[in-house]
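Taken in sequence, the protein lines are chains A and B. Just so you know, we're using my numbering here: the first sequence kicks off at 1 and counts up by one. Just so you know, we're using my numbering here: the second sequence kicks off at 1001 and counts up by one.
None of these hints come from the bench; they were simulated from the model. Even for Gly, the Cβ is constructed at its ideal location relative to N, Cα and C. Take the hints with a grain of salt, since some may be wrong.
[Stated by the list, open to error] The calculated lysine-lysine pairs, modelled on DSSO-like cross-linking and capped at a C-alpha distance of 30 Å, are:
| no. | chain 1 | residue 1 | chain 2 | residue 2 |
| --- | --- | --- | --- | --- |
| 1 | A | Lys-221 | A | Lys-166 |
| 2 | A | Lys-189 | A | Lys-103 |
| 3 | B | Lys-1382 | A | Lys-104 |
| 4 | A | Lys-144 | A | Lys-35 |
| 5 | A | Lys-144 | A | Lys-104 |
| 6 | A | Lys-184 | B | Lys-1478 |
| 7 | A | Lys-122 | B | Lys-1560 |
| 8 | B | Lys-1537 | A | Lys-144 |
| 9 | B | Lys-1261 | B | Lys-1336 |
| 10 | A | Lys-27 | A | Lys-166 |
| 11 | B | Lys-1423 | A | Lys-103 |
| 12 | A | Lys-156 | A | Lys-27 |
| 13 | A | Lys-156 | A | Lys-166 |
| 14 | A | Lys-116 | B | Lys-1369 |
| 15 | A | Lys-116 | B | Lys-1537 |
| 16 | A | Lys-191 | B | Lys-1478 |
| 17 | A | Lys-189 | B | Lys-1423 |
| 18 | B | Lys-1372 | B | Lys-1316 |
| 19 | A | Lys-104 | B | Lys-1369 |
| 20 | B | Lys-1316 | B | Lys-1328 |
| 21 | A | Lys-104 | B | Lys-1372 |
| 22 | B | Lys-1382 | A | Lys-103 |
| 23 | B | Lys-1475 | A | Lys-189 |
| 24 | A | Lys-67 | B | Lys-1369 |
| 25 | A | Lys-67 | B | Lys-1394 |
| 26 | B | Lys-1317 | B | Lys-1372 |
| 27 | A | Lys-184 | A | Lys-194 |
| 28 | B | Lys-1560 | A | Lys-194 |
| 29 | B | Lys-1382 | B | Lys-1372 |
| 30 | B | Lys-1172 | A | Lys-91 |
| 31 | B | Lys-1560 | A | Lys-103 |
| 32 | A | Lys-103 | A | Lys-91 |
| 33 | B | Lys-1423 | A | Lys-91 |
| 34 | B | Lys-1336 | B | Lys-1317 |
| 35 | B | Lys-1537 | A | Lys-191 |
| 36 | A | Lys-184 | A | Lys-156 |
| 37 | A | Lys-91 | B | Lys-1537 |
[To be verified] Residues of chain B clear of chain A, computed beta-carbon distances all greater than 12 Å:
| no. | residue |
| --- | --- |
| 38 | Ile-1038 |
| 39 | Pro-1073 |
| 40 | Ala-1222 |
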Amino acid sequence: MKRQLYFVYIIIFILLFCLPYQGLAEKITGTVTVKGLRSPANILVYLTNTPSISLDVTRANFVMDQKNLTFLPHILPIPVGATVQFPNNDKVDHNVFSMSRTKKFNLGSYKPGEIKTILFDKPGIVELRCDVHAEMSAYILVMKNPYWAITDAHGKFEIPDIAYLKEQGVSGVENLPAGEYFIKTWHEKLKTQKSSVVVPNNGDVSVEFDLTRGTPSVLYK
Amino acid sequence: MDYCGIEGSNVSAMGLRKPSKDKRMYRKKTILLLSLSILAIFFSLFYFEKRILAQTSQRKILGAVIQGRVLSPYGPVENARVRVVGEEKYTLTDRQGRYVLQTQHPPVLKLRVTAGKEGWFNNAQITSNSSQDTDIFMYPIYLNDQPDYSFISPVTCAGCHIKLSRYWDQSKMAHTTSNPKVLDMYNGTDALRREGVGPGYRLDNPNSNGNCAECHAPSAVASGRWSQDLNAVLQSSRAEWDGISCDFCHKIRKVTQNKDKPSGVSAVLERQSSSSGPSILVFGPYDDVVVSPMAASYNQVYEQGQYCSVCHSHFKKLDGGKTWSYNKVYSTSEWKGFGLENNTVVPVQTTYQEWKMWQDQLSFDDPNKGKKCQDCHMSWRKEMLPYDNYVVDKGARHMWGTHRSPKNIHPHHFDGGTQTQLKTALAMELEGETSGNRLTVNVYITNTNGGHWVPTGETMRSVMLLLQARDASGKPLKMIKGSRLPEWTGVGKAGAGNYAGLPGAVFARVLGDDQGNLHVPFWRATHIAVDNRIRPKGTVTLQFQFALENPEDEPSAEAKIIYRPVIRPLAEQKRWLVEDILITSSVW
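Isolated chain B (complex conformation) (with noise of 0.2 Å):
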């Protein structure tokens, strides 16, 4: 390196020779030079590399667009709901079957395009590297629904959706049959499988297995000619006919009027064994199923509340076409919202109408509109997390799984009466004044998460409030105005949870029979007695009084309601072990 000890140069006080002018003159050009390069480079890579950004976000915005037809052997299929395997955004073909789809994707990724639509199989096709369409082709499902068709057990469909089927077992659907509490209701048995312990269907109806199984055994009522007694579905070797199993819901193609139904709607179902292949027919909700080991063909009924209406709704048409005074207990609109037209039938279960009485009520734009059973009822537990991506696991996972969002997974626990769901189903608050020797109590009850009335479903169910006021020295107060609970919520201690004649209120569906008996089973009885249960999103205010002794006192008042699944009385009589739910509780 001989830059600075260039000879003939002068020597510096480090000892170094200086460079010659020439060479000086030389090396500012060198460096000059070099200099500029560096520049140019700089400028250069800056340039691209914005160019090549812009490029890139250009194609994250737009990315690749995919585009075909959905075909048939029929021609074009108009309506198809085309989208990337697992993705959110999907769009409809036209009339030509024509599709375009936007997707983020860079175009060299070959994607898997799904398409489906009601009443066909959902296909697939795999975009090509060049710029051909992407045509998939489609199937139509024929209408073959085969009888005698013996439903698949939940065990096989466990193989694959191991999270979802233990979920599905641990519900109530999965044990409709086999409830012991169904059972004893039916056959006039306690829980000690003492036999004559009324309410009995069999014991009112001895020659009649009645319709029970509908609801409790619908793969066994939908299984040819078997028996719909209850017991005989039990003792049967098909262990998938207890509940309602998973082929028997992903059978059903439609749902339909029906009044030779319990429920006035009746199922229609699509059955068919493969004809080649292990591939089984299932409907659901998902148009991206394109998967060997089943034949998927989406359907929009999975997404919609009329699918539970199915079994959540009862209606009992009385005999002789006997009628009651249905405005009594109901207002013309919620009679109408029942979907009844006259005085002959009596509402025995309404949670499908409740709710859609509610939903038609709403406008447009409030934000409860659209609110579906699937959307509480099939939602993500805690218990659950961390979210999943998939509904199928192990194995099954890396050979045929889907990733998708876990907004779009609906685990299916069915949570209803269930302590997690009733906790925030209602919300009270408390108000309280006093004058001169009196206090009043004003109390608020919303039903701020149930869709439906709460409570619903059965009508052996109640909510009760239970309201005390003390004085400042913890002295119960007496009341002189305001309800009291009936005989019904228990007659005895209240810490054995009887709270009969305490202050309160008791919000339920009774029904009663001719004789003036009430809490009659849904059988026995000819009209509905009371009918208070809340609203969604309603409110009942109730105002209590009590009496001070010294009108300077600072009394307290402490609300509670509670949640009983059995009333008390057919409880005693079942010799049923049923627990009290606290929903919520306050202090004023």
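Chain A with its partners taken away, still in its complex shape (with noise of 0.2 Å):
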């Protein structure tokens, strides 16, 4: 009988632990589907408005690929503030630069091995190319707020996506308050949609998108 309620109160401190976390905030799950383009991957899904929050990027690691003539990940967001490492795993030398407003910045041609990297301290689309391979272009999103996600080959997307965040090295990100927020979508061959959703005290909220071919919209107007 001892040992029974020994238990019992080890689910009773293990709940009380967790209850916290699920009291402050609340997620936005939902699926993208999309006509014109073969999978509903790496689609931005984003809220332009956000509680501030305190965010610690100062070990983030978000890595912006090249190799075999392509910039690796096409789209790349990351919060404000944070550094991206430029390594050239490919067989030529590559010049990364961007002349975006947000930022620009040229790092020179180098060689197979070499790393630079580069601080983005503006949000705001960056635009990437290489100056001697055209077919090189990539895009860093450089966001206002942790609060995005990138669709899975289904579609489907969850935000905040912490996992990913910490795993990028970006601490200090919490679940969504209770609140009105805007939701929008980014891809660089889709047309951007915008909607309101509103965040319940408790539960997660789904929202849906259809998107279909067209110009993407500035981030943040």
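Using the hints, build the complex out of the two chains.
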């Protein structure tokens, strides 16, 4: 009997430990479907307005790789203030640069095996180019807040994606407080959609997007 | 095995007899000795392994030092480039022709060391096992250009350089004579081959062959007294005369100023038939190609933008010493950048000068300093992957191939006004702001990847900006301030590519004549009316304003940047099927 009580205490303790997180915040989940693209993957879904949050990006380790004349990943969202590494894992020299007004930089030509880094200190879209390989282009999306997610192969997303952010060295992200938010999409080849979403006091909320081909809008107006 | 069954010892609990005291001592001593021996062996091994490792790593860092001299029938050769074949690192010889080459190879390996210098045939020598010097003998190229030389067909080159030839054959460079648009402009015909459809050089100049062949059929021009009529070139049996062929390009010894040429520059050829054997004299960027089918000679001009200036610039001297007011279109520095001193010349095409002007004004520590035509127009493409380490294929690879880094291989695709190349040539950003009943949209267009002005080359090319603003319901907003696209972007339905009157702008170099006609062909041009093309790494900012019916509305704006290879009126007149290329688009 005593032993059984002991287990009950443990379970109660675990529940009490977890409850504050559940009470503080909720998630926005959903699915994106697309017309005109082979896959609903790699679409950015993000919130434009969120309460201010104290993020620690000092240990962020975002990477924009270069291999086989391709930037990997093609779209890399990062929180503002984060640093991105640009390793050259190709067999030829590359010259990464951006002339976007969000962040202008030019890393110059560098050899396979070398790594260069850049700090992104202003939110917005940064179009990456390679000066000698016309086919190479990618986007670094510098986000105002950490409330974004990239869709998986089935178009599913979950905001915030705390596990992914932790993996990237970003800490201090919590689930969303209840309230009304604006949620938008961004993909290089898809028309941006925007809608409002109300996060309740308890439980998650689901949002569906049905996107069509077109030109995406700026991240923040 | 009686070590545990020695006579006279006690019987243990397991039924074994205990060894005697002496025997135990003996066993202990044996074990101790054995242990010491094992330890000694272990330490010896550790010590020697460390030494071996140290030696290996030292060798890895230092490797074999190859030294010797580069000599010739005229004595030592100074400033020859010496390297282990295929490797990136090279050294230069001193005044005594001496070189010291530090390698990473073990000294026991026999290495092929090559030497190359402009004006000399490349040559090679194998290192010996002994400490003897590796001397390399070079022979000069005697200037003996033979105007009656018959250029070798690209088919011959393709025998070994299969991939390079294929890339070249798929490029415009291979078909500059048989290009239908070139022939239509030359003959005054249209796409249906109907005659008398202008503009046409021969329609205006029936008694002149013109100088088109200088760049559109340079092998024919260089081949003695052959007619420079493009039609005659095509009708000749010399198929290799169509296009800028391999053998023509690789016979260029240097590039010099020549005011008599349309580009103001001429290619100095060195055409030599082999006196013995099958060797073909070829110039190129490699100083380590020493193979029997070719008598190769390193030439630095192949690594310079100047090489392309032979054709990628075109100036027209005005008749009768006429002049025109260039300062209405260009700044003094731009005019000087074209290499022009007086206003009796119309710069028709200035791609090379545009690049040079950009490079000249860059500081030495600028990351773009030193970028040249070959870097972008002869770089690897995804469709060519996986990377190759050779410039020859199949059997030739095994017999004569040199393994080299892909970064030192320049695939000959010569991409220019193609979708691939244009997609990243320009970038655009939009910025909007509403104030009362007004929406202001700023458009920023940047020439990100073009090392020259965009568009460049042929003046029939243009780049258009199309801008459309809408209210929240999708209704188009009326523009109250900003530029509109001119008539020559096409009158008619926008869906059919006619954009005249729509909010936007067009970027082009527009040639004019004395009668006030615009978009005239170069041979009729007397001046440049407009040249608002986008400079390398330059940003053009355009502002547009639209009327908002409801100040509380949430309007949006969408812009597209489109490349048009041939302006609409000319394309319609010539019945050419030309496709616009969408460079980029943006939404605010």
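Each hint, compared with the structure:
As the CA atoms of A:Lys-221 and A:Lys-166 are separated by approximately 28 Å, the hinted pair is consistent with the 30 Å bound. Taking the CA atoms of A:Lys-189 and A:Lys-103, the gap is near 22 Å; set against the 30 Å cutoff, the hint holds. With a CA separation close to 26 Å, the supplied pair B:Lys-1382 and A:Lys-104 stays within the 30 Å bound. A threshold of 30 Å between alpha carbons decides the hint, and for A:Lys-144 with A:Lys-35 the separation of about 29 Å falls inside it, so the pair holds.
A C-alpha spacing of about 18 Å is found between A:Lys-144 and A:Lys-104, which places the hinted pair at or below 30 Å, so the restraint holds. For the proposed pair A:Lys-184 and B:Lys-1478, the alpha carbon gap of about 28 Å is at most 30 Å, so the pair holds. Under the criterion of a C-alpha separation no larger than 30 Å, the hint pairing A:Lys-122 with B:Lys-1560 is consistent with the structure, at around 25 Å. Restraint check for B:Lys-1537 and A:Lys-144: satisfied, since their Cα atoms lie roughly 28 Å apart, inside the 30 Å limit.
With a CA separation close to 19 Å, the supplied pair B:Lys-1261 and B:Lys-1336 stays within the 30 Å bound. Our distance criterion of 30 Å between C-alpha atoms is met by A:Lys-27 and A:Lys-166, whose separation comes to about 16 Å. For the hint pairing B:Lys-1423 with A:Lys-103, the CA-to-CA distance comes to about 20 Å; that is within 30 Å, so the pair holds. Under the criterion of a C-alpha separation no larger than 30 Å, the hint pairing A:Lys-156 with A:Lys-27 is consistent with the structure, at around 13 Å.
The suggested pairing of A:Lys-156 with A:Lys-166 holds, with an alpha-carbon distance near 19 Å, which does not exceed 30 Å. In summary, the hint linking A:Lys-116 to B:Lys-1369 is supported, as the alpha carbons are separated by about 19 Å, within the 30 Å threshold. Between A:Lys-116 and B:Lys-1537 the alpha-carbon distance is near 22 Å, which keeps this suggested pair within the 30 Å criterion. The straight-line distance between the Cα atoms of A:Lys-191 and B:Lys-1478 is roughly 23 Å, inside the 30 Å bound, and the hint therefore holds.
Restraint check for A:Lys-189 and B:Lys-1423: the C-alpha separation of about 14 Å stays at or below 30 Å, so the hint holds. For the proposed pair B:Lys-1372 and B:Lys-1316, the alpha carbon gap of about 25 Å is at most 30 Å, so the pair holds. For the hint pairing A:Lys-104 with B:Lys-1369, the CA-to-CA distance comes to about 17 Å; that is within 30 Å, so the pair holds. Distance hint between B:Lys-1316 and B:Lys-1328 is fulfilled; the C-alpha atoms sit about 18 Å from each other, no more than 30 Å.
Taking the CA atoms of A:Lys-104 and B:Lys-1372, the gap is about 22 Å. The hint holds against a cut of 30 Å. Of the supplied pair hints, the one linking B:Lys-1382 and A:Lys-103 holds, its CA atoms being roughly 27 Å apart against a limit of 30 Å. A distance of roughly 23 Å separates the Cα atoms of B:Lys-1475 and A:Lys-189; the hinted pair therefore holds under the 30 Å criterion. Only pairs whose Cα atoms come within 30 Å are accepted, and A:Lys-67 paired with B:Lys-1369 is accepted, the gap being roughly 24 Å.
Of the supplied pair hints, the one linking A:Lys-67 and B:Lys-1394 holds, its CA atoms being roughly 27 Å apart against a limit of 30 Å. Straight-line distance between C-alpha atoms of B:Lys-1317 and B:Lys-1372 comes to about 28 Å, which keeps the hinted pair within the 30 Å bound. Between A:Lys-184 and A:Lys-194, the direct Cα distance comes to roughly 4 Å. Compliance with the 30 Å bound is thereby established for this hinted pair. Our distance criterion of 30 Å between C-alpha atoms is met by B:Lys-1560 and A:Lys-194, whose separation comes to about 22 Å.
This hinted pair checks out: B:Lys-1382 and B:Lys-1372 have alpha carbons roughly 21 Å apart, not beyond 30 Å. Using a Cα cut-off of 30 Å, the hinted pair B:Lys-1172 and A:Lys-91 holds, with the two alpha carbons roughly 28 Å apart. In summary, the hint linking B:Lys-1560 to A:Lys-103 is supported, as the alpha carbons are separated by about 22 Å, within the 30 Å threshold. Between A:Lys-103 and A:Lys-91 the CA atoms are separated by roughly 27 Å; this keeps the pair inside 30 Å, and the hint holds.
Of the pairs offered as hints, the one joining B:Lys-1423 and A:Lys-91 holds, with about 23 Å between alpha carbons and a cut-off of 30 Å not exceeded. For the given pair, B:Lys-1336 sits about 16 Å from B:Lys-1317 by alpha-carbon distance, which is consistent with the 30 Å threshold. The straight-line distance between the Cα atoms of B:Lys-1537 and A:Lys-191 is roughly 28 Å, inside the 30 Å bound, and the hint therefore holds. Between A:Lys-184 and A:Lys-156 the alpha-carbon distance is near 14 Å, which keeps this suggested pair within the 30 Å criterion.
Under the criterion of a C-alpha separation no larger than 30 Å, the hint pairing A:Lys-91 with B:Lys-1537 is consistent with the structure, at around 27 Å. Non-interface call for B:Ile-1038 relative to chain A: holds, since the shortest CB-CB distance, roughly 43 Å, exceeds 12 Å. Consistency note on B:Pro-1073: stated as away from chain A, and its beta-carbon is indeed over 12 Å from all of that chain's, at 39 Å minimum. No beta-carbon of chain A comes within 12 Å of the beta-carbon of B:Ala-1222; the shortest separation is about 31 Å.
Of the numbered hints given earlier, the model fails none.
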